[in-house]
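Asks: Chain by chain, the residues:
2 protein chains.
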Amino acid sequence: MHPLAEKVLARDTRATARACRLADDRAGDHAAILKDLFPHTGRAWILGVTGNPGAGKSTLTDRLIGAFRKQDRRVAVVAVDPTSPFTGGAILGDRIRMQAHFGDPDVFIRSLATRGALGGLSRSAMDVARVLDAWGADVILVETVGVGQDELEITRMAHTTLVVAAPGMGDEVQAIKAGILECADVFAVNKADRDGADTAVRDLELMIALGGEVAKASGRARGHSAAALHARAAGAAAPLGGPSEGPWVPAIVRTVATRNEGVASLVEQLEGHRAWLFGTEAGAARREERLREAMHVQLRDALTDAAVVVLGPALEAAVHAVARREIDPYTASERLVEAFRAGAITPGAGA
Amino acid sequence: MHPLAEKVLARDTRATARACRLADDRAGDHAAILKDLFPHTGRAWILGVTGNPGAGKSTLTDRLIGAFRKQDRRVAVVAVDPTSPFTGGAILGDRIRMQAHFGDPDVFIRSLATRGALGGLSRSAMDVARVLDAWGADVILVETVGVGQDELEITRMAHTTLVVAAPGMGDEVQAIKAGILECADVFAVNKADRDGADTAVRDLELMIALGGEVAKASGRARGHSAAALHARAAGAAAPLGGPSEGPWVPAIVRTVATRNEGVASLVEQLEGHRAWLFGTEAGAARREERLREAMHVQLRDALTDAAVVVLGPALEAAVHAVARREIDPYTASERLVEAFRAGAITPGAGA
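Line by line, the protein sequences are chains W and S. 260 is the number that the working numbering gives to position 260 of the first sequence; each next residue is one higher, with no gaps. 315 is the number that the working numbering gives to position 315 of the second sequence; each next residue is one higher, with no gaps.
These are computed hints drawn from the structure, not numbers from a lab. Where hints are given, some of them may not hold.
Identical copies go unnamed one by one, so any copy, or any two together, can satisfy a pair.
[What the hints assert, rightly or not] 20 angstroms max Cα-Cα, derived SDA-like pairs, lysine to any residue:
1) Lys35 / Ala321
2) Lys70 / Val107
3) Lys35 / Thr331
4) Lys35 / Arg325
5) Lys35 / Asp328
6) Lys7 / Asp106
7) Lys70 / Gln269
8) Lys35 / His320
Please build the complete structure, drawing on both the sequences and the hints.
Replies: Given below as C-alpha cells:
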C-alpha cells in the first residue's frame, strides 16, 4: 500500500490534506493512492448541499456540521463553490464565518480548485470525497452552487441532495434549475422568518405536486412554448422524477440557519431519505443508477486523458485544419477517435 | 448536400428550426447536416451573455437584439438558461417578455434542452450556433446562467463575453465565479439606477485592477487561505488573464435595460472587443486558444459517444463490479479505455 494511503487510513490530518490535494490536482501518485483507498470507502453518507448564492447555504452547512458533531459523527466538507466561505473567502473581502470548527480534529474541510474547459471538477469532487471517506468521515457534505452541468454531475454523485432556497430573492424558487430539481431530495426554505417564506414553500409544494414531468417539460421546452408547458403541467400527476425514481417525495423544511432554527427537523428529513435510499428497493435502484452515471463520467474523463496524450500532435494538427476550415470539426473528431482506437498514432508522431 | 442543410442556407425558418432541433437532440441526420453546413459558418459574431439570475440578463439581451436590428443585422439567440424567458418560461408563471421580436424574420430564437450527466449542453450550444451561423445570423447571442463547468465551456465558445451584474443583490459581484471572471470581456452593471451601483462598479474595477492572478488564486485557494490570497492580490499587478491573454482590459458599462439606457455604450464596448479579437495578434492568439478548447470538447464527446456504443455490456459489467467493490473504478475505467483502444470488445459481446 502507498505510504500516503496508509497514513490517510491512520487518520493523519496532514497526509489526508496532501492526498486530497494530489487527488484534486491529479498529481503525483494520486492514481495509486486512490486505488489503494477504494476498498476502504463506501461507508460515508455523501450529502450534497446546493442552492443559489445568497440562500444561506454555507451558514446552513455550518449548522449541519454542528448537528452531526453533536451526534459524535465525523464530518468532512468538500466545498466546490468558489464563492463559499469554505473555499477560503470570496474574491473580495474576508468572508470566513466557519471558524467554529477549525480546531475540531473530527471535522475536515477541503475546497476544490476551479477547472479549465475539460470538466475535471466533478471528478475531483468524487476523488476527494473518496479520500475523506477512507479517512473515516461518517458524513461528507459537498457544497456546490447548484447551477451548471458539472455541478449537476456533482449533485448526482451525492447520496442525498439538499437544495437550499430563500424567500425574498425574487426568482429564487424559479431559478432552481430543472436538472437540480430532479435531483432534490430535501428542500430547505432558509431565512424562513422573512416575508415570502410561505410563498416559497407553496411554490416548492406546487413544483413537487406537479412532479418531474414539469421539470422535464420545462427543461426541454422549445421556443416559446409556455402555454404548452402549462397545459402539460395541468395534466401531469406523476411523482417527482417519474416512476423510475421510486416513491421518495421530496420534503420541505423551514430553517433559519443564523439562529439554528429548524436544523433538527432538517437532519431528520435528511436521515429519512438516507433510510429510504439504503433500505428500499427503489432506493437500491436509485443507487445503481447513480453509480452507472459516475462510471460514465469516470470513463469519459479517462478516455479524454488518454486521447490527449496519445493523439498529441494529431489533435493539434486537427485544431489548425479546422481553423483554416480545411476540415469540419465533426469529421476531424471522428478521425481522431478512429486514430485513437486504431492506435495508429503514437506519442510524438507528426510532431 | 443534405436537403435540410440546403434549406437552412436558403434561410427557410421551419427547416432551420428543425435543423436546430436535430443538432440539439443529436437525432436524425444531424451529423450530415452539420458537416454540410460547416463550410458556410464562421461569419457570425458569437456573443455570450451571462450572469446570475435576477441581474436582468434577459431584458438586456432583448435590448441588444433591438440595437442590432436597428443596424439591420440578423440576430439569433441561443438560450441555455432554463430559467430564461427565452426558453419558454420558467417552471412557474408566464414570464415571456420577449414578444417584441416574434414577428421579425431576421430574429431567430432557440432554446436548448437541459441534459443528463454527460455534458452534452455545450456541444448542443456549439452545434445550434453553427446552424444559426449558416442560416445567416450576423450576431448570435448565447444566453447562459454563468455558473458551472458546462456554462463555462459555453462562455468559452463565444467570441465576446458579456457578464451582467446588478447592484443590491448582496454578493452579486462576489458571486461571479472566478472562471467566468477570467472569460469576461465586458461587464454591464445593470439596474444602474439602484443604490449600490457605484459599489458594484468599484468592486469590478478593483477586480480588474487586481487582475487575473486574483481570479486564479481565488479559484485555487486551498483551505482557509484568505489571508494568503489577499497578500498575493496586494502584490499582483498583471493584466486580467495574465500576459497570454493579451492587452484587452475588460470594460464596465452602466445600463438600465428596462429603460434602454446605456445600451448604445454597451454595444460600442462589445464592438471594441470584437475589433480587438479580429484585428490584433493577441486577439488571434485568443481565438486559436478558444478553438483548441472547442476541439478538445468535441473530441471528448466523440470519444464518449463511441465508447458507450463500443463498450456497451463491458461498461455495464464494470458498473456492477464496482458496485460489489470487486474492482475500483480507476482500474475499471483504465481497462475499459484499453479495451476501447484495442477494439477487443465488439458491440454485443458479453451481453
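Asks: Next step is simple, just say for each hint if it's right about the structure.
Replies: Hints and how they fare:
1. Taking the closest pair of Cα atoms, Lys35 and Ala321 come within 20 angstroms of each other only across two copies (14 angstroms); inside a single copy the shortest separation is 39 angstroms, beyond that limit.
2. For the homomeric pair Lys70 and Val107, the shortest alpha-carbon distance inside one copy (12 angstroms) is at most 20 angstroms, but the shortest distance between copies (59 angstroms) is not.
3. In this homomeric assembly, Lys35 and Thr331 come within 20 angstroms of each other (Cα to Cα) only across copies, at 7 angstroms, whereas the closest approach inside a single copy is 37 angstroms.
4. For the identical chains of this complex, Lys35 and Arg325 are inter-copy neighbours only, at 11 angstroms across copies versus 43 angstroms inside a copy, given an alpha-carbon limit of 20 angstroms.
5. Taking the shortest alpha-carbon separations for Lys35 and Asp328, only the inter-copy value of 6 angstroms comes in at or below 20 angstroms, while the best intra-copy value is 40 angstroms.
6. Taking the shortest alpha-carbon separations for Lys7 and Asp106, only the intra-copy value of 16 angstroms comes in at or below 20 angstroms, while the best inter-copy value is 64 angstroms.
7. Taking identical chains as interchangeable, the C-alpha atoms of Lys70 and Gln269 lie at most 20 angstroms apart only when both belong to the same chain, with a minimum of 17 angstroms there against 55 angstroms between chains.
8. When the C-alpha separation of Lys35 and His320 is checked against a cutoff of 20 angstroms, the pair qualifies only between copies, where the shortest distance is 17 angstroms, while the shortest distance within a copy is 38 angstroms.
Of the numbered hints stated above, none is contradicted by the structure.
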